[in-house]
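Trainee: For the record, the sequence lines run as chains A and B.
All you need for our numbering is the position in the first sequence, starting with 1, plus 1.
All you need for our numbering is the position in the second sequence, starting with 1, plus 1.
Worth flagging that the hints you see were computed from the coordinates, not collected in a lab.
Each statement offered as a hint is correct.
Remember, identical chains collapse to one label, so a pair may be satisfied in a single copy or spanning two.
In silico DSS-like pairs for lysine-lysine, Cα to Cα no more than 25 Å straight-line: (1) K59 <-> K81; (2) K112 <-> K259; (3) K112 <-> K3.
Next come the chains, spelled out residue by residue.
2 protein chains.
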Amino acid sequence: MKRTAFFVSDGTGITAETLGHSLLSQFDKIELQLLTRPYINRIDKAQLLVEQINEAGKRDGVRPLVFETIVDPEISNTLKQSDGFIINIFSTFISSLETELATKATGSVGKTHSISNNYVDRIDAINFALDNDDGSRTRFYDRADIILVGVSRSGKTPSCLYMAMQYGIKAANYPLTEEDMEKRTLPEPLKDFKNNLFGLTIDVDRLVAIRNERRSNSKYASYAQCQFEIQEAEALFQRENIPFVNSTHYSVEEIAAKILATQNLNRRF
Amino acid sequence: MKRTAFFVSDGTGITAETLGHSLLSQFDKIELQLLTRPYINRIDKAQLLVEQINEAGKRDGVRPLVFETIVDPEISNTLKQSDGFIINIFSTFISSLETELATKATGSVGKTHSISNNYVDRIDAINFALDNDDGSRTRFYDRADIILVGVSRSGKTPSCLYMAMQYGIKAANYPLTEEDMEKRTLPEPLKDFKNNLFGLTIDVDRLVAIRNERRSNSKYASYAQCQFEIQEAEALFQRENIPFVNSTHYSVEEIAAKILATQNLNRRF
Numbered sequence: 002m003k004r005t006a007f008f009v010s011d012g013t014g015i016t017a018e019t020l021g022h023s024l025l026s027q028f029d030k031i032e033l034q035l036l037t038r039p040y041i042n043r044i045d046k047a048q049l050l051v052e053q054i055n056e057a058g059k060r061d062g063v064r065p066l067v068f069e070t071i072v073d074p075e076i077s078n079t080l081k082q083s084d085g086f087i088i089n090i091f092s093t094f095i096s097s098l099e100t101e102l103a104t105k106a107t108g109s110v111g112k113t114h115s116i117s118n119n120y121v122d123r124i125d126a127i128n129f130a131l132d133n134d135d136g137s138r139t140r141f142y143d144r145a146d147i148i149l150v151g152v153s154r155s156g157k158t159p160s161c162l163y164m165a166m167q168y169g170i171k172a173a174n175y176p177l178t179e180e181d182m183e184k185r186t187l188p189e190p191l192k193d194f195k196n197n198l199f200g201l202t203i204d205v206d207r208l209v210a211i212r213n214e215r216r217s218n219s220k221y222a223s224y225a226q227c228q229f230e231i232q233e234a235e236a237l238f239q240r241e242n243i244p245f246v247n248s249t250h251y252s253v254e255e256i257a258a259k260i261l262a263t264q265n266l267n268r269r270f
Numbered sequence: 002m003k004r005t006a007f008f009v010s011d012g013t014g015i016t017a018e019t020l021g022h023s024l025l026s027q028f029d030k031i032e033l034q035l036l037t038r039p040y041i042n043r044i045d046k047a048q049l050l051v052e053q054i055n056e057a058g059k060r061d062g063v064r065p066l067v068f069e070t071i072v073d074p075e076i077s078n079t080l081k082q083s084d085g086f087i088i089n090i091f092s093t094f095i096s097s098l099e100t101e102l103a104t105k106a107t108g109s110v111g112k113t114h115s116i117s118n119n120y121v122d123r124i125d126a127i128n129f130a131l132d133n134d135d136g137s138r139t140r141f142y143d144r145a146d147i148i149l150v151g152v153s154r155s156g157k158t159p160s161c162l163y164m165a166m167q168y169g170i171k172a173a174n175y176p177l178t179e180e181d182m183e184k185r186t187l188p189e190p191l192k193d194f195k196n197n198l199f200g201l202t203i204d205v206d207r208l209v210a211i212r213n214e215r216r217s218n219s220k221y222a223s224y225a226q227c228q229f230e231i232q233e234a235e236a237l238f239q240r241e242n243i244p245f246v247n248s249t250h251y252s253v254e255e256i257a258a259k260i261l262a263t264q265n266l267n268r269r270f
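Pulled out of the complex, with its shape left as it was, chain A reads as follows:
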């Protein structure tokens, strides 16, 4: 039996999606179709959505779940007229927060992810990650909050971009080259920044698969080469006391959270 879950918001839908996914991940045996409906900021849009919810319920033979973060009570009440099982995320918490903070909620719509003074920090951080990616430029490492180190295709770039996007952290990354491996010392551009280094490693099989997608049947993508590089990289991390994680077993969200926790880095916004 398949069931539909709607994530409904008067803004981007990110809060409804994030909490909804989080809660539903606790019910992994239920087969779900997930639908996000952002910008439900008018009664007529809510009425159309009520029809969609009711149709999904008829099709599935079971009422849909509706996770919603609508601020306007009239729009929220319109949704309540649907056949869905409504999880009203905001109203559940807002009144107890109003009491605790002894202040009325402003009731303003779409505030969470709207533009603010974090804009510049964030764009700066994204540009920093792009400009200092993959060892392309090492002369601004003194401005980096963190420098990720690892073999080619171990997950450095996505992790740097995520930290920039989500936390405004300036993250550079340095790919260990074969030359670096042979020298068996910390590469020259990294020597002054030992406290800001964080290593990424990866399982050999995963690395072989990823590299084969880029350059299939090359030495670069061969099992022996991948194994050698990973061994040397991990040996370097251990020798130099560089904290590291294995990107095979973690999402970029988890890698980023682990780096922040380990390095005592705080988000910039």
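For chain A, the structure is supplied; the task is to place chain B on it using the hints.
Mentor: Coordinates of chain B only, in the frame set by chain A:
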């Protein structure tokens, strides 16, 4: 009066942060210090955190807010012994979901943002955004879910990267050049993909400021040049019926959500 808010999780803390920020954005007059505490997955870590919460309360003279998504009841109960005002996000919803779904929650920790089969889609999408950024390569536009069009520095790259990271959407972007402006037709590489184009525009003052950071006092960063380019870009969008948004007034989250809604694009995971 300043107040501390803790976002506490046994995983990355993203759900607690997202919902917490969302709720607190409804109380914009309260001055807050926001602290995220991820990976509180053992009693001893929770006990240390209880001390931090109590210290913050003493320092502020008012009890901290604690938004938490801890799955393990024993760890969650440890937090309850603090002086904080606890908002237990999971337990608030899990039991009614258990009833509705007629299934017990699995109680597994850190499931939401853990690695899954979306990993490959996501990395592919990020690589696609990087490889097809800024008109560097246009021959794979047929594989793009969306192609963002706009003048240099109008916010295309961050928007593409965000769509890739968050939704697994393959987003390319094409910068309108001065040559394109003078021709006053849709640039050649875009002609076959009219239904997948989405425009970004930006306020002149903002563009001048951003370009000056990159190349100060250049013609590229001059008010006249920026104004000319923006006018021509907007005229192109209108002439060719390309939907567009002004990136000055929206965050990347909002731009991405608007693009998905307008283009009827669905997230890939």
